[in-house]
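Asks: Dock chain B against the given chain A, drawing on the hints supplied.
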Amino acid sequence: MKSLIIAGREFSSRLFVGTGKFASSALMTQAIDASGTQMVTVALRRVDMDDANDTMLEAIDRTKYQLLPNTSGARDAAEAVRLSRLARAASGIEWVKLEVTPDPYYLLPDGEETLKAAKELVQDGFVVLPYINADPILAKKLQDVGCATVMPLASPIGSNQGMKTKASIEIIIEQATVPVVVDAGLGAPSHAAEAMEMGADAVLVNTAIAAANDPVQMARAFKMATEAGRTAYETGLAPKSAAANASSPLTGFLREI
Amino acid sequence: MQTQTDIQSILSEKQLDINRECWEHALHTVTADQVRRELSNPAGKFSPDRLVTLLSPAAEAFLETMAQQGRDLTVQRFGRTIQLYAPLYVSNVCINSCRYCGYNKTTQINRTRLTIEQAVSDAAVIAGEGFKHLLLVSGEDRQFITTDYLCALAGTLREQFSSLSIEIYPMSQDEYTQVFNAGIDGVTLYQETYDRNTYADYHVAGPKADYDSRLDAPDRYASAGMRRIGLGVLLGLADWRIETLAMAEHAAYLMKRYWRSQISFSFPRICPATNVQSEWPHLVSDQNMVQMMLALRLCFSDAGIVLSTREMPDFRDNLMNLCVTRLSAGSKTNPGGYASEKGAAEQFEVADDRSPHEVAKTICSHGYEAVWKDWDASFHSLKGVKSLNPSPQ
Chain A
781 MKSLIIAGRE
791 FSSRLFVGTG
801 KFASSALMTQ
811 AIDASGTQMV
821 TVALRRVDMD
831 DANDTMLEAI
841 DRTKYQLLPN
851 TSGARDAAEA
861 VRLSRLARAA
871 SGIEWVKLEV
881 TPDPYYLLPD
891 GEETLKAAKE
901 LVQDGFVVLP
911 YINADPILAK
921 KLQDVGCATV
931 MPLASPIGSN
941 QGMKTKASIE
951 IIIEQATVPV
961 VVDAGLGAPS
971 HAAEAMEMGA
981 DAVLVNTAIA
991 AANDPVQMAR
1001 AFKMATEAGR
1011 TAYETGLAPK
1021 SAAANASSPL
1031 TGFLREI
Chain B
630 MQTQTDIQSI
640 LSEKQLDINR
650 ECWEHALHTV
660 TADQVRRELS
670 NPAGKFSPDR
680 LVTLLSPAAE
690 AFLETMAQQG
700 RDLTVQRFGR
710 TIQLYAPLYV
720 SNVCINSCRY
730 CGYNKTTQIN
740 RTRLTIEQAV
750 SDAAVIAGEG
760 FKHLLLVSGE
770 DRQFITTDYL
780 CALAGTLREQ
790 FSSLSIEIYP
800 MSQDEYTQVF
810 NAGIDGVTLY
820 QETYDRNTYA
830 DYHVAGPKAD
840 YDSRLDAPDR
850 YASAGMRRIG
860 LGVLLGLADW
870 RIETLAMAEH
880 AAYLMKRYWR
890 SQISFSFPRI
900 CPATNVQSEW
910 PHLVSDQNMV
920 QMMLALRLCF
930 SDAGIVLSTR
940 EMPDFRDNLM
950 NLCVTRLSAG
960 SKTNPGGYAS
970 EKGAAEQFEV
980 ADDRSPHEVA
990 KTICSHGYEA
1000 VWKDWDASFH
1010 SLKGVKSLNP
1020 SPQ
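Same order as they appear, the protein sequences are chains A and B. Going by our numbering, the first sequence wraps up at 1037, each residue one higher than the last. Going by our numbering, the second sequence wraps up at 1022, each residue one higher than the last.
With the rest of the complex left out, here is chain A (with noise of 0.2 Å):
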């Protein structure tokens, strides 16, 4: 499997995971540990950025992941720019999961403000990850701004839907000039896997991971699915075809003759 590589850094694992909804920083830990991820994203609503001692950032160790603070709650480029620059001063973290997601209760991306703000974002030196809808056009945008990925959703967030958007994200992932991380919405291990093996460059998955019986074996089982989905996309799929492919063709005696 190739590594991935985003603004310089080379990850060696394609699955990001967030840190919401886990029943104890301790299990979040275990969890990130068997899904062999590098990347890690926080919601800077639930850390406190000044605080050596904050629980949820203990239980990450910088050393082994990539901490990737993410905007979720702004409803504004504004809010999303002021929120990035406080906890990179806080922090010295250059690089932000863009969220501007103004509506609370589906969290769907507003394209245009987080345009606005990716743009403010990379001139100021920031490592952007910007998440949107699977918008082809908006994707182009944002690549041409310097964003370092894009993060269209499968579905809406938390919804564990699959890849609703299926069609528009194949047209991202056929034009995009950097990574494409599909966000959002994966519910199962075989969704990831679709996604991967459509050609996405990684995948990012919380809460089908946090709100699993038992979260540890299911961060498994979705590192084993990434790895098999990108394995098969490098490898190459087998043609599909319509009709059934006989091993021992009706004209097969033609050549007995």
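It is worth saying that the hints were derived from the structure and are not from the lab. It cannot be assumed that every hint is accurate.
Straight-line Cα separation of at most 30 Å, DSBU-like style, residue types lysine-lysine; simulated pairs [said to hold, decoys possible]: (1) A:Lys920 <-> A:Lys782; (2) A:Lys899 <-> A:Lys920; (3) A:Lys899 <-> A:Lys944; (4) A:Lys1020 <-> A:Lys946; (5) A:Lys899 <-> A:Lys946; (6) A:Lys921 <-> A:Lys1020; (7) A:Lys944 <-> B:Lys885; (8) B:Lys885 <-> A:Lys896; (9) A:Lys946 <-> A:Lys896; (10) A:Lys1020 <-> A:Lys944; (11) B:Lys885 <-> B:Lys643; (12) A:Lys946 <-> B:Lys643; (13) A:Lys896 <-> A:Lys944; (14) B:Lys674 <-> A:Lys946; (15) A:Lys944 <-> B:Lys674.
Replies: Same frame as chain A, but now just chain B:
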């Protein structure tokens, strides 16, 4: 031109605020088969018919199925987490005469107003316990708890707390805008009852006697930009099933119109208080309250479900596994009660007097994480905040 429908016309069109008869009839004609069918639909979407079915007496026999669905949906949407907050009572002076309330102006109690310094001392105790979410509570004491007071207090408390909300008298939209700009991001305001006649019976004097002004207040504070909208009815005043239907209509209206703000529901059951009657016509049993919470959860997958220390420890602990997303803990309902033992009179008697630490430990023992911080003050710009929500019509 599109005309905006306001909540008053929605409630009166559906006869939810005046005429209970049609709703009582609907609730009592639901059959077990209808409940079974409704429970086989995907959980989390509101329609009045669905809510009627789930609130019906027939649904009582399906409480366990509702609980399983409610728990699963809550874990899916909120994770295995329960957020903690604390109330800070700043004044028990009140110009209203609500018949159920310990702060009723005609009641002889020890009245206290906290100066900003005193409130900050109380808040320091709360912050010391680990809280990051604070709810400022006051009687209708406009003379002392002014917008200037709230703005100044918020300015100081913002450094210690991630989120500040208020549960005080209804304000004008300008006043809400001022306190929002000062860092207050949520408002809890119970309609108490959506039944106009009952409302008039219990709110006999003072500005709170104006039902419509109270009903419109969420429009005013949501327009001012408030992120959190807290709704509730005081359980015990009127038929809880019809109250729930009306509150749900109110919530559905607010969610559509002020789509950037998040709704939560509270479930205050009438509690004993000084000089307040102890007999109530519509007391809500534990079983009824659980049905109410679950019916709302199964119609509003992302609504916060809030439980205060009015409830007994055992009951609160059991509800952690069902659908509750936010709990208060270690609450003192008397102004000054945190920093000093001898405080003023309480609004109601606290039933769960465990320390916040004990409550957090219990949350943990139920397989959930106690979340102290789920917001950040830096979302909020102190200057030049513009409201993104529309204005009320």
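Asks: For A:Lys921 and A:Lys1020, compute the direct alpha-carbon distance and say whether it is at most 30 Å.
Replies: Since the Cα atoms of A:Lys921 and A:Lys1020 sit roughly 33 Å apart, the hinted pair is violated (cutoff 30 Å).
Asks: Keeping to a limit of 30 Å between CA atoms, is the pair of B:Lys674 and A:Lys946 held or broken?
Replies: Status holds; Cα separation ~25 Å.
Asks: Under the criterion that the straight-line Cα-Cα distance not exceed 30 Å, is the pair A:Lys899, A:Lys946 satisfied?
Replies: 27 Å, holds
Asks: Going straight from one Cα to the other, do A:Lys944 and B:Lys674 come out at no more than 30 Å?
Replies: 19 Å, holds
Asks: A:Lys944 and B:Lys885: Cα distance at most 30 Å?
Replies: Holds, at roughly 24 Å.
Asks: CA of A:Lys896 to CA of A:Lys944, is that 30 Å or under?
Replies: 27 Å, holds
Asks: Would you mind confirming whether the straight-line C-alpha gap from A:Lys920 to A:Lys782 stays at or under 30 Å?
Replies: With a Cα-Cα distance of about 24 Å, the restraint between A:Lys920 and A:Lys782 holds, given a limit of 30 Å.
Asks: For the pair supplied as a hint, A:Lys946 and B:Lys643, is the alpha-carbon distance within the 30 Å limit?
Replies: Violated: A:Lys946 and B:Lys643 sit about 42 Å apart, past 30 Å.
Asks: Sort out whether A:Lys920 lies within 30 Å of A:Lys899, counting only the CA atoms.
Replies: At roughly 13 Å apart (the allowed maximum being 30 Å), A:Lys920 and A:Lys899 satisfy the hint.
Asks: Does A:Lys1020 pair with A:Lys944 here, judged by a C-alpha cut-off of 30 Å?
Replies: Between A:Lys1020 and A:Lys944 the Cα gap is close to 21 Å, so the pair holds against 30 Å.
Asks: Does the alpha-carbon distance linking B:Lys885 and A:Lys896 stay inside the 30 Å limit?
Replies: Roughly 26 Å between the alpha carbons, so the hint for B:Lys885 and A:Lys896 holds.
Asks: For the pair supplied as a hint, B:Lys885 and B:Lys643, is the alpha-carbon distance within the 30 Å limit?
Replies: 18 Å, holds
Violated hints, listed in ascending order, are 6, 12; each of the other numbered hints is respected by the structure.
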